[in-house]
Structure formats: C-alpha cells, structure tokens
Amino acid sequence: MSGEMDKPLISLHLVDSDSSLAKVPDEAPKVGILGSGDFARSLATRLVGSGFKVVVGSRNPKRTAGLFPSAAQVTFQEEAVSSPEVIFVAVFREHYTSLCSLSEQLAGKILVDVSNPTEQEHLQHRESNAEYLASLFPTCTVVKAFNVISAWTLQAGPRDGNRQVPICSDQPEAKRAVSEMALAMGFMPVDMGSLASAREVEAMPLRLLPAWKVPTLLALGLFVCFYAYNFVRDVLQPYMQESQNKFFKLPVSVVNTTLPCVAYVLLSLVYLPGVLAAALQLRRGTKYQRFPDWLDHWLQHRKQIGLLSFFCAALHALYSFCLPLRRAHRYDLVNLAVKQVLANKSHLWVEEEVWRMEIYLSLGVLALGTLSLLAVTSLPSIANSLNWREFSFVQSSLGFVALVLSTLHTLTYGWTRAFEESRYKFYLPPTFTLTLLVPCVVILAKALFLLPCIGRRLTRIRRGWERDGAIKFTLPTDHALAEKTSHV
Amino acid sequence: MSGEMDKPLISLHLVDSDSSLAKVPDEAPKVGILGSGDFARSLATRLVGSGFKVVVGSRNPKRTAGLFPSAAQVTFQEEAVSSPEVIFVAVFREHYTSLCSLSEQLAGKILVDVSNPTEQEHLQHRESNAEYLASLFPTCTVVKAFNVISAWTLQAGPRDGNRQVPICSDQPEAKRAVSEMALAMGFMPVDMGSLASAREVEAMPLRLLPAWKVPTLLALGLFVCFYAYNFVRDVLQPYMQESQNKFFKLPVSVVNTTLPCVAYVLLSLVYLPGVLAAALQLRRGTKYQRFPDWLDHWLQHRKQIGLLSFFCAALHALYSFCLPLRRAHRYDLVNLAVKQVLANKSHLWVEEEVWRMEIYLSLGVLALGTLSLLAVTSLPSIANSLNWREFSFVQSSLGFVALVLSTLHTLTYGWTRAFEESRYKFYLPPTFTLTLLVPCVVILAKALFLLPCIGRRLTRIRRGWERDGAIKFTLPTDHALAEKTSHV
Amino acid sequence: MSGEMDKPLISLHLVDSDSSLAKVPDEAPKVGILGSGDFARSLATRLVGSGFKVVVGSRNPKRTAGLFPSAAQVTFQEEAVSSPEVIFVAVFREHYTSLCSLSEQLAGKILVDVSNPTEQEHLQHRESNAEYLASLFPTCTVVKAFNVISAWTLQAGPRDGNRQVPICSDQPEAKRAVSEMALAMGFMPVDMGSLASAREVEAMPLRLLPAWKVPTLLALGLFVCFYAYNFVRDVLQPYMQESQNKFFKLPVSVVNTTLPCVAYVLLSLVYLPGVLAAALQLRRGTKYQRFPDWLDHWLQHRKQIGLLSFFCAALHALYSFCLPLRRAHRYDLVNLAVKQVLANKSHLWVEEEVWRMEIYLSLGVLALGTLSLLAVTSLPSIANSLNWREFSFVQSSLGFVALVLSTLHTLTYGWTRAFEESRYKFYLPPTFTLTLLVPCVVILAKALFLLPCIGRRLTRIRRGWERDGAIKFTLPTDHALAEKTSHV
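Residue numbers (my numbering), protein chains in the order written: chain B, -1 to 486; chain V, -1 to 486; chain R, -1 to 486.
Next up, chain B with everything else stripped away, as it sits in the complex:
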C-alpha cells in the first residue's frame, strides 16, 4: 500500500519518498471509483486534478466513459477494483448488494463510503450506510468520508466550499490514508473516531440550521404577540370606541410599531443570560458548577438572537423610511395644512414635539449603526481575523452601547406618554413600556457588576477562585464555551 499511498501532493517527506519513488518511478497513486452518478463524476474530476490516477468501474463502460474526464480510465467493475488499494463506493445504499459479486477482488482493500442517506432512509435504518457496507464486505476496511462535500464543491475546489471533511473508520492506517488523499485534494480532514460514529457523520448533511430554530421561533412568537397587542391598541380600540376605520394601518404602521419592540427585546435577551450566569456564579461563589441546561443553551444561541435582533431593527428602519411615501402621510399633511388655513393659524410649531422627534431619530440611527457593526463582526471571515480580546470588545462593549442607545431611543419615543391616561387604551399600557422591562434589568445588573466590590469578586471567581464550602457539581465542558463567550 505504501507504494500507492505514498504519492499524493502533500505526503511530505523526501528521504523515503525519494527512495520509494525510486521503486515506482513516475506512477501517480491509483484510486478506484464504483458508480457513475454526479458525485462519482465530480470525484473523478477532482482526483485527476489532484494528481491521482483514477479507474472507474461501471457495468457498461462504453456508455459511461463519455461522462467522465478523459484522464480517468473507465472499465468493467471487476477490472477497475483489481489494482487500486483505495476504492470509492459512490452508489446508493439500495445498490450496495449489487457489488457483492466483487467481494473477492475487494478483499483487504479500503472502501470509502461517500453516500448520503435521505432523511427517510436515515430514520428508517438504525445502521449507518457505512456500517451496512462494512457488514456486506467483512474482508474490507470501510472508511466514511466526503459525504458532507457536494459534487459542486468537489469540482470547484475548496475555495468555493467548506474545507472540512469528517472521516471515521475502525482502522487508523486506512483513516490516515484517506485523510492524506483529502489533504491532497485540498480539504481539511477531521478525525471523527471509529466507524460507530458514521451515523452521526451521515446526519451532518441533513442538518437544517439547527442553531436557528429556537431563536427564529422566539422572534416569530414575539412578533405575533406584539402585533396582536398593537392591533388592539391602534386599530381595534379606535374602531370600537371612536368608530374610526384605521384598518389601513395593518400593513405598515402596526408592523412598524411591532418590529422595534421585537428587535429591542431580542437584543436584551442577548445580554440577559450573561447577567444571569454572572449572578449565579456570584451566589454560588464558584464557577465550577454546571449551569442549568436552559441557561447553557441560551448562552450558546446569543449570536443568532443578536442577528435576528439586527434584522428586525433594519426592517424597522426600512419601514420607517417608507412612512413619508404613504398616501396616508400625504393626505394627513394636506388636511393639516387646510385645517390650519381654515383656523386662520398662520404658524404651526410645537418646540417640544420637534425636539422629541429629532432626538428620537438621531438615537435610532446611532443604535442601528452600532448594531450593524456587531452584525458585520459576527461574519465568520471577520470574526476569525479578530483575536479573542477584540471579538469580546466588539460583541460585549459595543453590544452594550447598542442596548443603551436603543433604550434611550425607546424612552424618547415614549417621552411622557407613559404617564398620560389617554394613552391607556382598553387600560392597556403603551407597548414601549412593556419592552423596557428586560433591558432595564440587564442594564442595572451590568451597572452593579461594575461596582468594585462585586466586580472584583466576579473576576476572582472567573479566574478560578472559590468561596470556601462552595458546593461542587460537575460542569459540562460544553459550558466552557458559553462561559468563554460570556458577554458580561
């Protein structure tokens, strides 16, 4: 096998590679492929491009040949699997049995299972495709790899796709051989342990944004609640008590009073868990205690919650800018002007109202500007170019600034309304008053943690100090993450 596997681009050593080269002068490592689907074809193209010699096994070579790069040799399955040590099995699970006829030629070779089960197949079979393949070919070493890579990425190369290739197998050498091929093809192999984890690896491409599910549902839930609340206050109440038809407000106005509430609450929910974690640590007097699961998960979804908050804030801005484009706005203005004339009022000006709006708008723009910086720095490519201190400075400090700014934005919007009885329609308080609760708690807590007495204690705890007699529980390592990224 050494002769075969010795050659890929990045098998780095010259002492013995030279010697081994002496044995096999200029023969590129040979790789076999079974199958003729899109994936098989892309795989062949990529392998050829990475300096491998590819032999494709097909039941009908004449017909299949045209589908593959000319550099790849297409022949009958029996012939194709004879010489190479590593053979990629690129056929659907249901056709695995059709390969059993080859079991003799395949004996002792490395079979790379690249298959991806569909959702149904994955649920239906308790046993992973790779393990099933292994059970069919007990004399072969099965390696699960490349299933997370799409045919597109294989062809276009790692630049246009995810570099990481999870690999698992029960035989270390086989795993390493395939790892080196992956590296030679420009991918980054990641060891996933034994073949038992093949099922997990096969589940990876079935993921559908798991980290976003809960935050998205949360945002939608908040939207629905606030929308309903605003509908009652701004549309239903006028209709029932003043019999005014304000239903035209549904598409824009009500949405635009709802979005900022959602954005604002979501933003505060990004910083609340950090505060809770800190409080918990202070009370327990140690950090070596596991947090309740809900807190752990919350801490790990802050990025998503924060981005959703930014998205809502941005939509809020767009909707606000649309307000003057509305016919309703135009009519209101004209009618106001006419009213002025009829009332013989020559000059209309309410200094307080003017100031309120100017400050309100300015704070809003600044808050959105700060949030946009947060959003940009959470792009993978930017986050990766920041060191830990820079990242937490932006995410934690700037984020807190954004929270304060949007609180002020909300307060100037509310102005004195919270104290005007007329605002309590159906005895319901103005919406903004409801949104203020959580953010204010967070801000106050953060202020407290800045007090030297508390702050110093917290730092000591974070550094591993413990209050005597702090009860010990186990702390799951996944919690290290949350703590490390704590925004406190």
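One or more of the hints may lead you astray.
No copy is singled out in the list; a pair is fine if it fits within one copy or between any two copies.
Here are the simulated BS3-like pairs of lysine-lysine, each with C-alpha atoms no more than 30 Å apart in a straight line [unchecked claim]:
hint, residue 1, residue 2
1, K51, K28
2, K211, K423
3, K60, K107
4, K337, K244
5, K301, K444
6, K211, K28
7, K444, K60
8, K28, K60
9, K423, K444
Calculated from the structure, these hints are not laboratory results. Being a predicted model, the structure only gives us computed values, none of them experimental.
Using the hints provided, position chains V and R relative to the given structure of chain B.
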C-alpha cells in the same frame, strides 16, 4: 516515542525526523532567491518567517542587502545558488537570459518560476514563462508556483490573502518539495499537473472577474432598455402630447421606475434556467443528457445574476427613500394643499389609494429583506459554513419566496392600471406589465413541478432513473455542478 | 536534498509509519495536560476528538474528573506526566512553581505553554511566560503554542475560529511535533522561530484592533471639527445675528451636514497617499528609496480609512432618510402651504431648485452604491476570492469612481452657494467648500498621471527602471506591501 506520536490523523512521527535531524543537527532548510524586486523581498521575509534559511543572489549585494530582512543572507548570484536545492527565480522574463551564466551551478536544481506575465506578454508569447525558463535551463527542474500570490499576501500571511497556490511541474518530487514549502509557509498547494499547464496558471492572475462579465452586461442592457421605455412614457409623451416639461424626472424618478424592473427581471432569470433544466429532463426522461451550452453557462451564472438583482433592488430602495427629499415632492404637496383650500375641500382621503400604497410598500420591504438574506448567504465565508441542504434551502426556498413577494409588490403597484386605457401612452403598456411575463412563467412552472405526478417523476429522474429508450448523449462533468446547484 | 527538505513544519509519511505501526498496533498517541480550567477542559475535548489519548494531571483527580470528557483519563499529576512525551501546561503563571515537584518525571519531555498573560502581567514581566517556564524546567523543551486560540475555538473547531496557531521553540523537532498535533487538531501551525519570540506571541491576544486606532481617531477628530464649524454657521449665527432659536437642529440636521463632510474627506485621504507616493517616485526617478514613515503607515491604513468613510456615508444616508420624518419638516411644509394660501399664490415651482435636488440625490445614491461595493470587496472572504488584478481593479478604479461621484454630489449640493455672499455667515465659507480641497487635488493628480508622458515614466519606474544617478536608500520590506496595494 514514535509509537506514541505515530497515530493521529496526519501521521505524526519523530523517529526518523529525529534521526534525520541527528544527521543535520540544527540547520534549517536552505532556499535561494534570484532577484531583488518587491516580490523577491516579500518572499524572503515570508521564507525567513517560516523557518527557512534564505540566500539571496544579487549582481550588487552591497546595494541590495539593505532591501532584505537582516536574517536573509545577500551575496553574489554565483555564491547564492551554489548550496540550496530550491531556487526561486523572481526576475522578469526579459532578464531570464541574464541568468544563463549560472547554468552550471544551477544544474540539477529545482527552479521555482514565480513570474507573472503582463496581459501583452501573455498574448505575445505562445510559450509560458516557466516553459521558457525550462528551455533555457534543460538541466534543471522548473516548477511554476506562487505567481497567483501577491507580495502583500506573502508578507501579511495567508490570513489576509488567498491560501491556494497552484503548482505545476513535470517532476513529481520537485512538485512535492515546493508543495511542502508552500504548506510550511501557510499556503494550500494545489496540484495543476505538468508544466504544460503553466500557461494556464500564469493566466490566472490576469482574470478580471470573468464570471461577472455576462451578468453585468445583461443588467446594463436591461437597464438601458427599460430606461428608454420609461423615458418615452413618463417624459416624452407628456412633453409631446400635453406639452408638459417633465424632464426633471430623468435623474431620479425615471431611474427609480427602471431599477425595480431590472431587479425583478434579473431575479426571475435566476430561477428560469432551473425550470428549463427540469422541463428538459422531464421531456427527455433522463438526466444523462447534456444540456445545450447556453443553459449550462446560464445555470452557472445564477449567483452573479442574483447578486446584481439584489444590488438593483437596494438602489431602488435608496432612490425611493429619496423621493420625499425632492423639492418636486415638497412643491407638489404644497400645491395640492393650496388647491384643496381654493376648492374649499376640507378633507382629502382616498381609501383605495391608501390601501394600495400601504400594501405595496410593505411587500417591497419584505421582498428586499428576503433578498438581503440571500445575498448574505452567498458570501463565501457564510456559504462555506452551511451544508448542502441548508444552502439550497436558503437559495432555493427563500429565493422563491423573494420572487413571489416581488411579484405581489409589482402587482399592487400596478393595481388596476393595466386595465385603464389612459395608462397606455403612445399605445405602450405600463412598464410593470412587461416585467411580469418571465416571473409568472417561472412561478407557474414551479407550481406544476409541485404536483405529485410530475414532481415524483422528476425526483426519480434526478436519482438516476431513466425512461426506456431515452436517447443517450454525453454529459459534461461541468454540468454536474449546474445540476447540483439547481434551484428547482 | 533530503537533508534540506526534511525540515518543513508538517511531515506526513506512510512507508515507515506503517512499519512503526507494525510495532505498536492500535494505540493512539498519548498527551498529558496539567490544569483543570476552561482551557484545559476544552483542550482535552479537542484532543480526544482528534484521536489523541489524553491524560489529565490534577491535585484532586476525584473532584476534577467530572469536569473532563469521559474519554480523558484524569489522575494525579505525578502519574499523568509519566508516560506522555508532550505535556500541555494549562495553569496560570503564578502556579508554575507549584509544578517544580514534577521536574524529575518531566525531564526530557516537551512542555507546551498555552498560557496568556493579562495586560498587567505582560507589562510587569520582561520575560515571557514560556521563557519563565523554560527557566524553571531546564531539562525540558518548552514550546509556546495555542495561546491565541480561545477555549471556544478549541471546542467548536477551526470552522468557527481562526485557524492559525503561531508556534515557537528553540528545538526544531519539538516544534514540528507540536505543529503536527496542531494540524491533526485542524489548525494551521505557523512557525514563529525560537522561544525568544514567545513574548511577541503572548502579546498577540492582547492586541486591540491596532490598525483601527489612528483611522478612528482621525475620523472622530474630523467629526468634531466639522460639527463645531457647522454649529457656528447653522445654529450660533442665526441665534446671535437673527436671534432665531435653531438649537433643535443639533441632533439631526447638524450631524447630517457633518457626516458627509467626514465621509468625503476620509475617502479622499484613502487616495491621497497613493498620489504622494507616485509623485515622490517620479521626482526621485526610482522606486528603490524608502518613503518617509508617515507615508508608509498612511499607505497601510487606507483600508480602515476607506471603511470608516463608507460607515459615515451610510449614516449620512440614514440621517437624510430621517429628515422627512421630523416634526420640523412637517411643520415647515404646512406653514409653507399656509403662507402660499395667504399670499394667494396658487402654484409654487422653482425649476432650478428642483433640478438641483434631483441631480444631487441621484449622485448621492450612486456614490453610496459604489462605496458599498468597495466595502463588500474588502471583506476578507471576498478579497481572498479575488486575484490581485481583480482586487486592485475594484479598490482602485471603482474607488476613484466613488470619489468622482461624491465630488459631483458635493458640487451639486453647493450649486451657486459658494458665490453668494449671504452664505458667508460670520465670514465663514460654506462647509462643503472646505471639503472640496483635498479631493480635487487627488483627482487632478490622477488625471495628470494618466497623461502618456508622465504615465509611461511612472510605469517604467514601477517596473524597476531607474533614472541614472537616482540616489539610493534602503527600502523597508514592509513598504513592499504598501506599494503593492498602491491605489494609484
């Protein structure tokens, strides 16, 4: 210890590295550089930083020395090339001949050609720089590498630059040696085969956004056509038939009625090829048939078309938000108010108009919001963090939602206008009616494919099933890409 | 050659790995960890996940065990350090001495110092943590590594974190061993040379956006100056000379007249240094002369200046779109309408004003659109997907277009105002006139460089040609960067 360190993924062993080190105790690998330009200097800095011993050959060492990092030894060319096995040739093609005097010392060594021809040079010489160098030094092994890397990237390191380094040579060992150096310097070597492909490698840095040419021209073309059409309808017609001077509309209004048309049509053109591909496969009853080239290329430019569509949509939003800032808007409002007063109309309100605009604006914002999600997920760093299923979910499902939203946006904009004769200026239908054609076709087709009877057949075909007697053609592998990323 | 090429950082080979495997069948490499903090735990998790056998040394194994992944063996320090060759020291500097009891068992082993000093510690100790550790354990080889990686990144894996791991040590083999482990864990080792550079490596995580300091201060400075200037002209002057209360303009109007000035000047400052560099080269008749430091640094901060310019421009847009939302705007309109009626003027229309605003707004949107393209292409993940020519095309050509567009935007804003005496409040010229200075210089200079006579000379110089008798100075390599990215 070898036993210990031997096993992980990318074989770690110290046995023979130790032994070999024993032979050459603490001497870093030595590399030669010929040339003293920016590139030579950056190369030297990078090599030194990656633990290599660098010897620079110069005709005037005393003068050149100051330009290089102090760690690099600068000496006369003859001396510099004597000991190292690998020598970087960082001089312009026209000076290659000046090195012929060194041919004896260079015999049997590896010459790395890092040169980049200018466009003219590339067109002028049929033969690549690397091949030319090889012809001058038949006793050396020439390797083409690092030409795609800028001096900037070399210095700043891979983080700030593209990691991939295409490498080609006729000698595998030489190729591997240079690949290892590239890896050691933090780059990702990519095997490009024999030196014959040097010309192709040298052409890489000359690329100028090839994938964007056609889509950009398409967008510009659409813009010009729609602009002309709108000009005739909104400016020329009033001028000629009602002798009204509306030319002030040219900079903003006409542009702002044109941009959405372009954005909307472009968006539909992102999804049309997928529909055509599916239709073709259904008719042929197989996927193993090559699509016409134009369709292949179209399928591969959808990303660019989609991003241009988003760009136009965003500009449309900006222009729309500018409308109320226009003096014309101000004057219109005031004049309308005055007219109201003179007509003694106390209250102006057209419920239908109000509703139309509210819905129109809301749909517009939502469409833009959805498009922005698409744009963000097509950023390399984000796309790479998504698995295949997540990517296609966003690009295909969300994209289709955006298409539907913008169709509704267009329809509410049009409202009943399509049926009002007065709108047909010069007998030209309102612009929006023209834009509706393609999108509606796409939406209908997609709806059809969702019908179980057709949908199931399509899935079977996509999975490799073929109708008996489906005529077979060859399918180019580059088509696998298109199919894999099909938005259907 | 083997001696030479044997050394690079990463070495993979199979021939003898197989042979050596023969000796030790299936035993994963064993790694030791001292410490039980977050980092130790994350490290253990990652190592286990990458196929290493992990032994954790603790003073109180029973208690600590729960904190680590079950796969990791937790035992007493003495026992833990006995068998593995590589031991990670994950304890705070102040506890290093507590390990001295282990010095016998540790003799001859590789100690990996992963510690990160705090800012104070870093300033306080002249000697790096790694060197301090080395001084305590003279019989061991100390390697500095992984300190730039956060516990989060260690666990979540390279995809969610920076891949690069700077490594330094005085012993090449030890360095390579750790480099290979880093690679096996999915990171990209970067050789930083001897242990002497440990201090530098330890300083890396302490960086706080150094490249942004100066540009940010510059932007803030400009903002303050222009804000003060506009305050005097727009608020103070009316108050003092016409005793009008315009203070309500402070939050929005004044900010919105200030932001564009800042954005515009910053943009011109992105292109000024390139012009200066070119001018200098023309005068000196050579490029092999070092630029003054201030110019070097300026050239290297253009990206940050440009992004800040875009940020200000975007805020300017947001503020502008807020204008019609202001109460002041509403009142002005109504009052204007009323005035019209009272004056019995039925139709209000100033063609010139209309045209001015339309052109002004259109140019503004286009300028912002162009700037946004620049901003997007300076995202790492996008910049990396562009070759050198594409990047400079976008940054230099598109950037210049943006500069021209914003100049026209400014000029149409100014219109004839520069020549109206009434505009010179307190004899102060209108703000926009001040901002025009630098950009016009840049544009004129660029126009000059396009003249064949000058242009050709410049290209020759850039290609290395020198005027006879051009005095020679040394050129620092860091300058190669600046030159390579010259926007000229």
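First find the shortest C-alpha distance between K423 and K444 inside one copy, then the shortest across copies, and answer within, between, both or neither for a cut-off of 30 Å. neither (34 Å within a copy, 47 Å between copies)
Go through the copies and call it for K28 and K60: within, between, both or neither, with a Cα cutoff of 30 Å. Answer is within; shortest intra-copy Cα gap is 21 Å, inter-copy 51 Å.
Within a copy, between copies, both or neither: where do K60 and K107 come within 30 Å Cα-Cα? within (26 Å within a copy, 44 Å between copies)
Regarding K51 and K28, is the shortest C-alpha distance of 30 Å or less found within a copy, between copies, in both, or in neither? within (4 Å within a copy, 33 Å between copies)
At most 30 Å between alpha carbons: which applies to K211 and K423, within, between, both or neither? neither (35 Å within a copy, 51 Å between copies)
With 30 Å as the alpha-carbon cut-off, assign the pair K301 and K444 to within, between, both or neither. Classified as within; 19 Å inside a copy, 35 Å across copies.
With identical chains, the pair K211 and K28 could be close in the same copy or across copies; at 30 Å between alpha carbons, which is it: within, between, both, or neither? The answer is neither: 44 Å in one copy and 39 Å across copies each exceed 30 Å.
What label fits K444 with K60 when the C-alpha limit is 30 Å: within, between, both, or neither? neither (72 Å within a copy, 36 Å between copies)
Pop the pair K337 and K244 into one bin, within, between, both or neither, using alpha-carbon distances up to 30 Å. both (20 Å within a copy, 26 Å between copies)
In the structure shown, a violation is registered for the earlier hints numbered 2, 6, 7, 9, in ascending order.
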